[in-house]
Amino acid sequence: MTANIQLGVGGPEGLADDTKPSQVLKQSKNGTGAGSAGWAVRIVLGILCTLWMIPVLGLFVNSFRPRDQQLGSGWWSVINNPLDLTKWTLSNYKNVILTQDGGVNMGSAFINSLVVALPATVIPILVACFAAYAFTFMQWRGRDIVFVVIVGLLVIPNQVALVPLLKLYGQLGINQTFLAVWLAHIGFGMPLAVYIFRNYMSTLPMALIESAKIDGASHFTTFWRLIIPMSTPAIASFAIFQFLWVWNDLLVALLFLGRGDNTVVTVALQGLQGQTGQGRELIPSAAFVAIIIPIIVFLSLQRFFIRGMTSGAVKG
Amino acid sequence: MALKIVNALLAIIGGIGGAMLIFWILNKLSESLKGRWEDRVKPWMFAGPAILAIAVFLIYPAITTLQYSFANDQTTSYVGFQNYIDLFSDPTFRTALFNNVLWIILVPVITVGFGLLVAILTDRLRPRGEKLTKTIIFLPMAISMVGAATIWSTIFSFQPAGSPQTGLLNAALGIFGKDPVSWYQTSTLRLNSLLLMVILIWTQVGYSMVLLSSAIKAVPEDTVEAGRIDGAGERRIFTSIIVPQIWGTMVTVFITVLIGVMKVFDIVYVVTNGGFNTDVIGRRFYDELFTFRNNGYAASIVVILMIAIIPVLIYQVRHFRAEELAR
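Heads up: the protein sequence lines correspond to chains A and U, in order. Residue numbering for the first sequence is 3 to 318, as defined by this note's numbering. Residue numbering for the second sequence is 1458 to 1784, as defined by this note's numbering.
None of these hints come from the bench; they were simulated from the model. None of these values were measured; they are calculated from a predicted model. Heads up, the beta-carbon is just placed ideally off N, CA and C, and yes, glycines get one too. Check each hint, because a few of them may be wrong.
[Stated by the list, open to error] If the Cβ cut is set under 8 angstroms, some of the chain U residues that face chain A in the computed set are:
hint	residue
1	Leu1515
2	Val1603
3	Phe1733
[Unchecked claim] From the derived model, a few chain A residues whose C-beta atoms are all more than 10 angstroms from chain U:
hint	residue
4	Ser38
5	Asn83
6	Pro84
7	Leu85
8	Gln141
9	Trp142
10	Ile158
11	Ala163
12	Leu206
13	Ala209
14	Gly218
15	Phe225
16	Pro286
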């Protein structure tokens, strides 16, 4: 939330994420120094990391096992005979991505998730950057009050909007369309986006903007040429947040997209969970189709993600 | 499939392009105005779309929801406080509310505590070890609740006695000759709710760890040094010097997790769909809104949630004001 905002995305401290060697190397507060961990600490952390990853490993192993193997024995039993190729298969992935007949098609759900998540990430950023510019570099009546309202709205849960929206969308006839989810996510992500960008922009040197003005640049030009390029760290942080949030969302997708042609990965995977008979062996591979993008995004952009979090990224 | 991909690309480009076009037009419009009017109108052209989005998708629906909560299921006539009376006299709703309280008491505290522990321990590792450990603990944060629920089935899954067990816990019980337990259906001492909490905590500890770790690293070395010179032990240094300085961050993490837990929905919906005494108000809300189409009940559940969140909202605004002054 806001407690860390001095450390904000733009703060000179830059946030002690673990990629900053200078801070990592700094002496530990327990007076024992980095790299001083005794065997007890190492063992505890080792056990913890193992516990943390065992469920993921189990599912990963299962996703490559044929139906009879998956249902006939636990995933750990592959240890007995890991090289027996008859116990491994790629057909789960093939079936789950390419199925056309009625079943859950994760391939198409995957594309739908992209269609939902990309505009639902880019549009709020665009809208919020313009607003943040106005909140930071323009003088207008009511500015501060409007911003305080936005800060308050940060903690409001999305559920407040759902009852009337479902009704409104029904009247407009846009239920089950991408437009419906885009609009909802644009609205729900907006307070956080404006908040993060405004906090970041207020750390930019005012003199630079003044001199652009003297040189005759309009607000529009200053915005695109100066502010947007300088705000990249904040934009990256929020983009990752919003993308993961939208991609992983179940409730909004369930209400406004449902289980039809436009269904997304979370809803499709949830639909598979009820499977008891045919198709049950597809659940693990379907899960990996659903989580692979967030994991890649997360691992490759971890630095920005952490910056966003420590800058006060909370979403009601 | 090819057609689907083309359509998808068109939808993405159309959505994003449309948004850009709107701003271009708004800017042209305000530039066509002369002199002072341009300065007056422009802020609203820039901030307007965001304010509009917030008004249409948060403020207006919040007010409408309040109104709906005093009306019947199809919002055709007002029923006063009847929805609230019905809800609170419904034992299944009280169960959901009780479970929510349990989630609220346990999950934020455990998440902060666990995150603090990992943050302190990893602080003593060498940089590479620290980074690897943190990445592992942090990774579940990227995984959706549906994904997490699927992942944990490799631990909690249950098959009737006699058939091969595919869940790690029941297989372990089998080794000791015990009968398998249907974990998610066992509500003794709210065991199943606790297991659902484990899954949520698994996804949240990384967040708590990262924030607390950066707070610990930001504690000035000389304050710790001063304590040491005064003869304080490691434990005393931790409780009297480090904790007070990272307290703000601990509160932040606590509140963030708290808000998430208050409206918890996905994990319960996916795993038990609220059965076996695991219901929470977030899932009940979905049921009332979507399954039973009862706008009155759904709206009053949201209003209860809103009232519960008001203290957090006040804290948030106060905190923001204090920080603006300190700027």
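Now for the hints, and whether the structure bears them out:
At about 6 angstroms, the closest approach between the beta carbon of leucine 1515 (chain U) and any beta carbon in chain A falls short of 8 angstroms, and the interface hint on this residue holds. Hint on valine 1603 (chain U) holds. Least Cβ distance to chain A is approximately 5 angstroms, under the 8 angstroms limit. The beta carbon of phenylalanine 1733 (chain U) is not positioned within 8 angstroms of any beta carbon in chain A (closest approach about 16 angstroms), and the interface hint is therefore violated. With a least CB separation of 5 angstroms from chain U, serine 38 (chain A) falls inside the 10 angstroms interface cut-off, contrary to its annotation.
Taking the minimum C-beta to C-beta distance to chain U, about 16 angstroms, the non-interface status of asparagine 83 (chain A) holds against the 10 angstroms cut. With a minimum CB-CB distance of about 17 angstroms to chain U, proline 84 (chain A) clears the 10 angstroms threshold, and the non-interface call stands. Residue-level check passed: leucine 85 (chain A) sits 22 angstroms from the nearest beta carbon of chain U, beyond 10 angstroms. A cut-off of 10 angstroms between C-beta atoms contradicts the statement that glutamine 141 (chain A) is not in contact with chain U; the least separation is 8 angstroms.
The non-interface label for tryptophan 142 (chain A) is inconsistent with chain U: the shortest C-beta to C-beta separation is roughly 4 angstroms, within 10 angstroms. The Cβ of isoleucine 158 (chain A) sits about 6 angstroms from the closest Cβ of chain U, inside the 10 angstroms cut-off, so the non-interface label is violated. The claim that alanine 163 (chain A) lies off the interface is violated: its Cβ sits roughly 4 angstroms from the closest Cβ of chain U, which falls inside the 10 angstroms cut-off. Every Cβ of chain U is farther than 10 angstroms from the Cβ of leucine 206 (chain A); the closest lies at roughly 14 angstroms, confirming the non-interface assignment.
Look at alanine 209 (chain A): its CB is around 17 angstroms from the nearest CB on chain U, clear of 10 angstroms, so calling it non-interface holds up. For glycine 218 (chain A), the non-interface assignment is confirmed: its Cβ lies about 14 angstroms from the closest Cβ of chain U, beyond the 10 angstroms cut-off. Phenylalanine 225 (chain A), annotated as away from the interface, has a beta carbon of chain U within 10 angstroms; the closest lies near 8 angstroms. The beta carbon of proline 286 (chain A) is not kept farther than 10 angstroms from every beta carbon of chain U, the shortest such distance being approximately 7 angstroms.
Of the numbered hints given earlier, the model fails hints 3, 4, 8, 9, 10, 11, 15, 16; all others are met.
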